[in-house]
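K.L.:
Sequence:
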Amino acid sequence: QLVSSAVPVSSSTDGSCSSAMPSEAVEDDPQDDEDCTEKNETSVREGSKTVKEPTMHSTLQELFGYSSFRPGQEWAIERCLDEKRSLLVAPTGFGKSLCFSLPAAMMKGVCIVVSPLLSLIQDQIRVLPARLPAVTLSGPMSTASMAATLDDIVRGRIKVVFVSPERLTSASFRRLFRP
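Residue numbering for the sequence shown follows the working numbering, beginning at 1 and increasing consecutively.
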């Protein structure tokens, strides 16, 4: 697989994004404890109370068990979280799946992952955290299975949808994500 694209889509499809590799990756500087606390959560005012929101660093640790990003991953994930359009082309073993699964965990809506390889899709679905329910709309599916899967997507029970390039271009698939 040469190209992997992730498109986190809000339910109104305004938040579409895919990720692209920067010309040079910047690694984080070592942080002291105070900076790490700031990096791991953000305070947001909701009415009269302040709510702590997880950041990508705390989500990385809590959901995926990693303490740091590989070069280029953080940049790609920030692009998605900032809802900026881009494209990630990276070699095997780079950690592309983290570049779509971490934003999927942090953002509202559905993350659409385009992949031509059904066996790779099945492997990726198996290793995603339980908090990220995923389905594929690639390969052979019975009418009943397709209907149940589409119902789960529409009802917000699914966070990650894997599709083949052919399915992505179908009019019925595009209608599924129109506001």
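Worth flagging that the hints you see were computed from the coordinates, not collected in a lab.
It should be emphasised that the depicted structure is a prediction, and the values quoted were computed from it without experimental measurement.
Warning: the hint list may mix true and false statements.
[To be verified] Think about it this way: if two alpha-carbon atoms lie no more than 20 Å apart in a straight line, the pair counts; the simulated SDA-like pairs of lysine to any residue are:
1) 108 x 153
2) 108 x 169
3) 108 x 177
4) 108 x 144
5) 108 x 118
6) 108 x 131
7) 84 x 56
8) 108 x 174
9) 84 x 66
10) 108 x 71
K.L.:
Take the C-alpha atoms of residue 108 and residue 174, compute the straight-line distance between them, and say whether it is at most 20 Å.
P.N.:
19 Å, holds
K.L.:
Given the hinted pair residue 108 and residue 177, is their Cα-Cα distance within 20 Å?
P.N.:
The hint holds at about 14 Å.
K.L.:
Between the alpha carbons of residue 108 and residue 118, is the straight-line distance 20 Å or under?
P.N.:
26 Å, violated
K.L.:
Holds or violated: residue 84 with residue 66, Cα cutoff 20 Å?
P.N.:
Answer violated: residue 84 to residue 66 is near 25 Å, above 20 Å.
K.L.:
Quick one, are residue 108 and residue 131 close enough, alpha carbons at most 20 Å?
P.N.:
It holds: about 13 Å lies between the C-alpha atoms, which stays within 20 Å.
K.L.:
What's the verdict on residue 108 and residue 144, does the C-alpha distance respect the 20 Å limit or exceed it?
P.N.:
Given that 20 Å is the threshold and the Cα spacing comes to 27 Å, the pair is violated.
K.L.:
Check whether the Cα positions of residue 108 and residue 153 lie no farther apart than 20 Å.
P.N.:
13 Å, holds
K.L.:
Would the hint linking residue 108 and residue 71 be met if the CA-CA limit is 20 Å?
P.N.:
This hinted pair is violated, its Cα atoms lying about 26 Å apart.
K.L.:
Starting from residue 84, check that the Cα of residue 56 is at most 20 Å away, please.
P.N.:
16 Å, holds
K.L.:
Does the alpha-carbon distance linking residue 108 and residue 169 stay inside the 20 Å limit?
P.N.:
23 Å, violated
The structure fails to meet hints 2, 4, 5, 9, 10 from the earlier list, while all remaining hints are met.
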